[in-house]
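> Chain residues, written in single-letter form:
2 protein chains.
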Amino acid sequence: MSNVDQQLADTKETIVSEVPNDISITDVTYEGPELVIYTRDPKSFAENGDLVRRLASKLRKRITVRPDTDVLSPPREARDEVHSVIPEEASVTDLDFHEDTGEVVIEAEKPGMVIGRHGSTLREITQKVGWTPEVVRTPPIESSTVSNVRNFLKQERDDRRDILERVGRQIHREEMSDDEWVRITTLGCCREVGRASFILSTPETRVLIDAGDKPGAEDEYPYLQVPEALGVGASSIDAVVLTHAHLDHSALIPLLFKYGYDGPIYTTEPTRDLMGLLTLDYLDVAAKEGRAPPYDSEMVREAIKHTIPIEYGDVTDISPDIKLTMHNAGHILGSAISHFHIGDGLYNVAFSGDIHYDDTRLFNGAVNEFPRVETLVLESTYGGRNDYQTDQADSEQRLKEIIRETYERDGSVLIPAFAVGRSQELMLVLEEAMREGDIPEMPVHLDGMMWEATAIHTTYPEYLRDDLRDRIFHDDENPFLADQFNHIDGGEEERQEVTDGEPAIVLSTSGMVTGGPIMSWLEHFGSDPDSTLTFVGYQAQGTLGRRIQNGWDEIPMNNGNGRGRGNTLSLEMNVETVDGFSGHADRQGLENFVKTMNPRPEKVLCVHGDESSVQDLSSALYHEYNMRTFAPKNLETFRFV
Amino acid sequence: MSNVDQQLADTKETIVSEVPNDISITDVTYEGPELVIYTRDPKSFAENGDLVRRLASKLRKRITVRPDTDVLSPPREARDEVHSVIPEEASVTDLDFHEDTGEVVIEAEKPGMVIGRHGSTLREITQKVGWTPEVVRTPPIESSTVSNVRNFLKQERDDRRDILERVGRQIHREEMSDDEWVRITTLGCCREVGRASFILSTPETRVLIDAGDKPGAEDEYPYLQVPEALGVGASSIDAVVLTHAHLDHSALIPLLFKYGYDGPIYTTEPTRDLMGLLTLDYLDVAAKEGRAPPYDSEMVREAIKHTIPIEYGDVTDISPDIKLTMHNAGHILGSAISHFHIGDGLYNVAFSGDIHYDDTRLFNGAVNEFPRVETLVLESTYGGRNDYQTDQADSEQRLKEIIRETYERDGSVLIPAFAVGRSQELMLVLEEAMREGDIPEMPVHLDGMMWEATAIHTTYPEYLRDDLRDRIFHDDENPFLADQFNHIDGGEEERQEVTDGEPAIVLSTSGMVTGGPIMSWLEHFGSDPDSTLTFVGYQAQGTLGRRIQNGWDEIPMNNGNGRGRGNTLSLEMNVETVDGFSGHADRQGLENFVKTMNPRPEKVLCVHGDESSVQDLSSALYHEYNMRTFAPKNLETFRFV
Ligand SMILES: [Zn+2]
Ligand SMILES: [Zn+2]
Ligand SMILES: [Zn+2]
Ligand SMILES: [Zn+2]
Ligand SMILES: [Zn+2]
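The listed protein sequences correspond, in order, to chains P and E.
Counted from 1, the first sequence has number 552 at position 552 by full-length UniProt numbering; the numbering is strictly sequential.
Counted from 1, the second sequence has number 225 at position 225 by full-length UniProt numbering; the numbering is strictly sequential.
Calculated directly from the structure, the hints in this document are not laboratory data.
Check before you lean on any hint, since a few could be wrong.
As the list claims (entries may be wrong) - Here are the simulated BS3-like cross-link-like pairs (lysine-lysine), alpha carbons at most 30 Å apart as the crow flies:
hint, chain 1, residue 1, chain 2, residue 2
1, E, K61, P, K633
2, P, K128, P, K154
3, E, K633, P, K633
Could you build all of it, start to finish, from the sequences and the hints given here?
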């Protein structure tokens, strides 16, 4: 009997001795980090409201209870019974019965009403039909990404169960090593912005955190091929953790599967969907620009299939000696600070990913309360000594000023933006400003996946700021459904119409003007001195956005949409930069994040910033808070224990 | 045609165009780092005295010329002719003809006379017989190690040629990577003394430097199994470089071959032989102490077979982007500071190995002149703020005092010492002291390989201090041949005789009292209050030697030679420590080594010292010379470019 089988047999014995005699336990298995208990008496299990919680705390595992399939009522009958239990107002849009696991997936517009107070409705469903209910939200705005992901996962259920079982056995394998150490190897985003990637390793476990591209230097990948990363084979990695979906963190995650990785990706559910959206677009852009994409869309599907979603605050075993907890990072939808608890109290490391410390319209500010963190790996995008941003309130005033002035000149406002994050923040600003009469009513065109990204936001309101979440739950208050928002889905023709029409606001990707429809908008509006190009986000070194900010006005148009190839464009429109909308904490925010941590970490690695930013931040944190701080280079390894 | 074959074809063309028309070039191959030119006209080649040097400088390669085998005179004739050319006084002891390569190995007591002025005699041999002469010294004291190694290499010639050809093709392969970086990974000897081991890596090349054991903690190996070391497979290592033969640097070199390593070991010839001696003893000791040896003696032979000896000062290509030069380290016979020139002027790193900066009786002080060194990895054994040693002259006085006092009490002096290095230094001190009447004439017993180690010293006088070398060349002045030196080769019986006999001096391994015959000597003399145990070398933490220095007088004798197992011994003999004989530079010596470097390195990694020693030295070098200094932990990686 293998070590894991022995463990499961022991666990089953414990469970049998803990549950009332009338509940029969037929099987106990691992599915990813969860312990799954099969029972012939799912109803009695459900009646003992506290039983699962007691078992979870006793076994120190996350627990799922499933009915043995032969005690289930047939789907046809069950369907009616489920409908009868759930209140009409929940607006169920889909019921999907999985006979292999005894689960019924309920898609509803109001998931809360399916769940009931403290899960009472769910328990009632199990009591009635035996099936285990799982609830997902019907996207308030139709999202092809969300429905594609859900359909794909439905179709791949068998494969996915195999993966989860394998991963579960890996996680719960016996510890092998007597050694004790904790190390971080930097594979990218050190003294640079882009290609975020790290290895966290112990004698037992190797975790890869992020694998992004570098905007403006598309051929500079993280150093995945060195021995300490994938050099010993992709299967030597136990787990991949993705902090958020921005391409500078996620672009090369699917590549891992091409390299033979076959393990789990831990991330939040919205990050999974956004990663799908953004990496598929990444492949598109590469193809359009004539670069060979490093992987194909099949690998994106592999990544989605291998994702084990985890929720903020859940403590998850990801290997015999590491527990992962993700916390809101305030940066984009689903973005997470990833906290690793290593050994039994041996060491704690947190990777900030990208963070925003203060609340924004979209998100609550980043969490910085952890029971313990000895080492913090901290983004430093705005860590430079002068990187203090304007307050967002002032920035909003300035943006509205620019919009009013441009409107009065009969010009349009063109805003390059990431599809995900700042676009939705700006939508909220613009919606409010028009509603309150601060700026004239005019169309706001969303080009290049922003619409789709917005739809994903509305699918996961739990990840948005509290008051915004509540508004989204009411269709008539959902700001993203406001009339002035228009999805550019008619391509060049529609863009030409917009150009020829009345003054408008255009939000378009890419956010750093490195390709995408913004190139086309620049051609349309670039020579119009009445219009204004307005930067609202960080422009990395080497990107066209940064160059235009620095005064370039002759723009090579060789990676546009086929027209103007090899030509240059004289930029005659106004160029403005409004900071303060960043999804990143500014210098003050970064310091506040660290300052208010309790206890403060002993060590901080400053990463994800230009050379001077990481140096400035590292030196400031050292001098002000007397922590040991570092500004690592790529390809270095730090040992902590 | 492979890339290397193409390169060789091009090289052959160049050579043909450079040599006079009457010299035919039949083949050009690589043997390890050397380019071997085969010619049907070895005599004409030899006549053109300057030709080889010109080709070497044009091709930037080390060059060996070999005769095509069908132009050689038959060995029987050649033997007489060779004898007729070499002067009688050279005392040739062996002539060995290798028909596969056209080499004749000449073993002589006076190799210099076989070589002649600027190699004139060698050239004369080639002109007469066509064979290429190679000269080795007949050991003045018979050494079974040296003769075993030589016989073994003779017997393995075919294998060895295959290895050299393979290595040669590896070294001269085309560079594959566009990346540029230089990294050092620490696998051992950081914040500790023992288990020296490093990886030096570039995108092209991975070099392992040293792989030693840890005295007093025999199960603590260097971290060879991590991905950045052998984790990707032992064959991912391009080259192994061994700084010197002490076990804390060499013990696990043979283990690499058990792990599948099949590449070259670069080191000096004496280090090769001493490594053979010491690692075989390491296996013996492990067996005697009931530990499972990590490899068997076959692996020691593999290590010897894969060694490519290099001489101090020779610049050797060891990979497409790295050149190695070894320099005298002044520490033990053959010890070398290993200097790596990376890329074409990209970066230079020197690993000090263990060094002694001042001249000693045995060795010239460590070389610290290098064209460039940006990073120095520096031993710090005596780097602590108080680690200033007595001058050796004063130490010698003190030692002689102890000997005289002990002698007057009718006691004996027991000195634990490494077989290699300090023992020979002490022999020189004692020989002179007795010759000059400073201490009474009495037997000096050498136990545990010291005799053999001494024989190896006399085989390689070129590696000794100039004036000592000259004395060794004259039998009547060779201090190691003095009458009072006695080789303990009669085991326990002889030890008992010594104990029962007149006062004597005993030098015995192991140097840190971690096993070996010193344990037996302690049993013999331990309870004799008239005798004196005298430490003259560094005692690492965790060793019995260090404990005795700290005042322990109840000594567990459970790893002795079978007797007294499990007993404790009450130590009643005097215990003295005389520093100043160390093979290591003291704090002043380390500082002087760095201070007088020109130019000084930008960065220094302080290693091979207790935690406080490396911290002290690192901080002192930073404050005094304003260099960036580090006290790495094991398992860290530093990037330099
Ligand atoms: Zn981001
Ligand atoms: Zn980022
Ligand atoms: Zn970012
Ligand atoms: Zn040494
Ligand atoms: Zn050493």
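> Check the hint pairing K128 (chain P) with K154 (chain P) against an upper bound of 30 Å on the C-alpha distance.
24 Å, holds
> Verify the proposed pairing of K61 (chain E) with K633 (chain P), using a straight-line Cα cut of 30 Å.
Violated - the C-alpha atoms of K633 (chain P) and K61 (chain E) are around 35 Å apart, more than 30 Å.
> For K633 (chain E) and K633 (chain P), compute the direct alpha-carbon distance and say whether it is at most 30 Å.
The given pair, whose Cα atoms are some 17 Å apart, holds under the 30 Å limit.
The structure is inconsistent with hint 1 alone, although it conforms to all the rest.
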